[in-house]
Amino acid sequence: MLRIPCPYCGERDHSEFSYGGPADLVYPDIDCDEMEAWSEAVYCRDNPRGPQRELWHHLQGCRLWMVVERDTLTHEIAGAQPVQAALKPILGSGS
Amino acid sequence: MSRYSVWQVLKNGFTGQTGWSRVWRDPEPKPHYDVIVIGGGGHGLATAYYLARNHGIRNAAVIERGWIGGGNVGRNTTIVRSNYMIPGNTEFYEFSVKLWEQLSHELNYNVMFSQRGQLSLFHSPAGRDAAARRANIMRSNGIDAELLTRDQVRSRVPHLDFSDSARFPIHGAVLQRRAGTARHDAVAWGYARAADRLGVDILQNCEVTGFIREAGRVVGVETARGEIRADRIGLAVAGSTSHVARLAGLDNLPIESHKLQAFVSEPLKPLLDMVVAFAGVGGGHGYISQSDKGGMVFGGDLDLYPSYAQKGNLPVVEEVAAMARMLMPCLGRVRLLRHWAGIMDMSMDGSPFICRTPIDGLYLNAGWCYGGFKATPASGWCFAHTIANQAPHDLNARFTLDRYAAGLAIDEKGAGPTPKAH
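Just so you know, the protein sequences line up as chains Z and F, in that order.
Quick note: to get the numbering used here, add 4 to the position in the first sequence (first position is 1).
Quick note: to get the numbering used here, add 209 to the position in the second sequence (first position is 1).
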């Protein structure tokens, strides 16, 4: 079981969470008409073997979306912080 | 090295089993090969075999980080079937089943392919409609499929849950009689031995640490056993594709690595003589068969977060055990013997890649999702063809890297570009 340090609830089992994909995906502007840029953003993944920043949703807890730093090879979790920057000073970071 | 036959078995029976020799050589790497295949799993070894057999390319090597058959070919539930519906997949997997049917003779090695049949259950009237559609598409492509009623399923596997209180009442199943299981290790060993007999070098403990590029072209690899050059290099390292391709300068592939667990119970007396698959109710998914040693072999879904760790996680153990218990209540007190995890290349549409890459001299075989084991012979056949002719075989012409950009995804499940959903 992964244990994810939710900034609001504290450390919880990952079975309470839902994985939401890589955290640093950048989509093109909505009026961008270069298909290559869209296809790259929608289909292509960095897929690192090692540390990755990723989104998790505390679906069966406080329902907060957070960015978790996790190693995909060792499953070690370095920390978690809320996706919305405005919440950071209120909640701090999970660790 | 001698050909295996009943006479060999008899002769060695009378001579104290002293006549058996090493099954494949353990050569030193040559400085140069015509073709190198990276990855000594089922697909890599099959590719090397068909390169030598179909295309006469015998100056070839398979290089493997650990030992052959130590990756996904040894970490699956050994199911072989061809119940696909979408052009591209349908004919490819059916070709694979046809190769499986001849494989033991072809390799002179018993891969124990047992066409015991697969039942794909459905649990609602809507499920019956979907199953009938699938069976009809299979039959119109010349693939065997039969739609069974609840009673027909019951007469074959009476110990599924047919009670009034069943959580998912069984309404019937699609039966593919030619589907079945095979001995996973024997597939790797059989291809390795057959390739070796044709002159292919199998280099184990030979991790690739980098690629040698000259004028944009890939011309060799740096490995734990020194530099090895080659005219063409094939990548068959599903699970670690993104990682190894990155060493060659091929970034951002449409793949996410996920782990899939499988399980085997303590050995039981003969209980289940078919493969039974359960899918599509509330997202649940499972498949179960019985091995020749008596263990119930079963599996379910991914752990649902990206991972390169070949170890499972507990929530899935519980979920899959519940699935097995739900399907076959008589398994309730059977103990789990082992569970393991393999790393899947989850592609963005659930279908694989066998193609050239934007880098000259580098060829890609990847993205097998859940489907790699059954695809082994056809994958090797088509990848060898692609490397030898520098152009795809008809059967893998659609398995390209640029199909997404062109709007030609092969999305069997219709789940969209979410790798964990396939």
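Think of the hints as simulated: they come from the structure by calculation, not from any bench.
Keep in mind that the hints are not guaranteed to be accurate.
[Said to hold, decoys possible] If you anchor each label on the Cβ, the simulated ranges turn out as follows:
no., chain 1, residue 1, chain 2, residue 2, range
1, F, P236, Z, C13, 52 to 60 angstroms
2, Z, R67, F, L617, 32 to 40 angstroms
3, F, G458, Z, V87, 29 to 37 angstroms
Yeah, the Cβ is synthetic: ideal placement off N, Cα and C, and Gly gets one too.
We went through each hint and held it up to the structure:
{"no.": "1", "hint": "F:P236 / Z:C13: 52 to 60 angstroms", "verdict": "holds (57 angstroms)"}
{"no.": "2", "hint": "Z:R67 / F:L617: 32 to 40 angstroms", "verdict": "holds (37 angstroms)"}
{"no.": "3", "hint": "F:G458 / Z:V87: 29 to 37 angstroms", "verdict": "holds (32 angstroms)"}
Every hint, counting from the list given before, is met by this structure.
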